[in-house]
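Q: Protein sequences appear in the order of chains A and B.
Sequence positions in the first sequence follow full-length UniProt numbering and run 1 to 165.
Sequence positions in the second sequence follow full-length UniProt numbering and run 1 to 242.
Simulated from the structure, these hints should not be mistaken for laboratory data.
From the three backbone atoms N, C-alpha and C, an ideal C-beta is built for every residue, glycine too.
Just to be clear, a hint being listed does not mean it is correct.
Derived CB-CB ranges, DEER-like [unchecked claim]:
no., chain 1, residue 1, chain 2, residue 2, range
1, B, 199, A, 133, 37 to 43 angstroms
2, B, 234, A, 71, 30 to 36 angstroms
3, B, 113, A, 4, 28 to 34 angstroms
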Amino acid sequence: MVTMTALEEELSRIAGSVPDPELPVLTLEELGVMRGVHVLGPGRVEVSLTPTYTGCPAIEAMASDIEQALHRHGVPDVTVVTVLAPAWSTDDISEEGRRKLTEFGIAPPRPQGPAGGPVPLTLAIRCPHCGSTDTELLSRFSSTACKALRRCTACREPFDHFKEL
Amino acid sequence: MTGTTDTRAAAAALALGDDALVLSHRLGEWAGSAPVLEEEVALANIALDLLGQARVLLSLVGDEDELAYLREERAFRNSQLVEQPNGDFAHTIARQLYFSTYQRLLYGQLASGDGPFAGLAAKAVKEVAYHQDHAEHWTLRLGDGTAESHQRMQRACDALWRYTGELFQPVDGLDLDLPGLETAWLDSVTAVLGRATLTVPSGPRTGAWSAGAGRQGLHTESFGRMLAEMQHLHRSHPGATW
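Okay, chain A solo, but in the shape it has when bound (with noise of 0.2 angstroms):
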């Protein structure tokens, strides 16, 4: 790992707290998909990022927003590059970014470790709204490929679950 100079380090943060486009109430830190910020010279950084799904649409709107924040903050000369390798996991996502997911409505996703894949689908989602474990799938794709339908059947909400990835 390189050291971050105190500079950037700053951009970082500000990067970092670029809202989500899709999910606004996570910020692009917590999603876990910075991979970091390098200060190329005076006035030009290069910011890494990877994309939760290889064909995610939103990161161009999360490139462009990143651009413009630093931009707000004086750095003239941004690039956004988009790196695949190591893969984003659901694991990147901090433990603030779930509290987060939950409060907006949509089941996190749970750790599921080095394996990744889809988890047996026997194991406990709860339900964002009233809590309850007992939940049933709807369907494997939702709103956005990283989600799947599901239904909670004590409360007979539709939620949004965030896939295991």
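Start from chain A and add chain B according to the hints.
A: Quick look at chain B alone, frame taken from chain A:
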């Protein structure tokens, strides 16, 4: 990989990228006509994952838009399986079952190596696991469903069987354990079809009566119409943006 991409890696990126692009477009054709809203959303999300893979892979070869919109049919290197028309929902699910099982195993192999596609494969394999899960779930539901759904699912599996042999032909630029890939694919598909009360098709997958020369640029009749629709806007309005 920019600048140092050798021609073998570019050939492989084109083959894998075209598979992803073409299947993505086929799945996108369901928009507005899927049997239920949840499936509309699911197929569009799977298409989006594939489009993401295609963009990464084609960008290794050249300009992604030029490659997608300005190549002629014979220049595409996708397997013939992915270009097959959607047919009824069972045909789409059979195509998904065959392809996602292959792609997950393929990316699993690529991810464990240190070739130019290891990074993308490690990322995409986790997404494809959900595609396979989706296809298997529907194969079970249709195969072990009503007499009508069973018969249609069987017909779809039979019709697409002859296109599956091509998936295990060598691809220039990829170092794969092809026999291992094919054995694992057959085991997996056989198990799912068995659980779905379906019969493993008995037709040929290789040899003179099988299909498949997509990797050499030979495509089936319906592919030309698909490309015409996919490319017509870009070709009618060169350079247009919104």
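Q: Find the hints from earlier in the document that the structure breaks and name them by number, from lowest to highest.
A: The structure breaks none of the hints.
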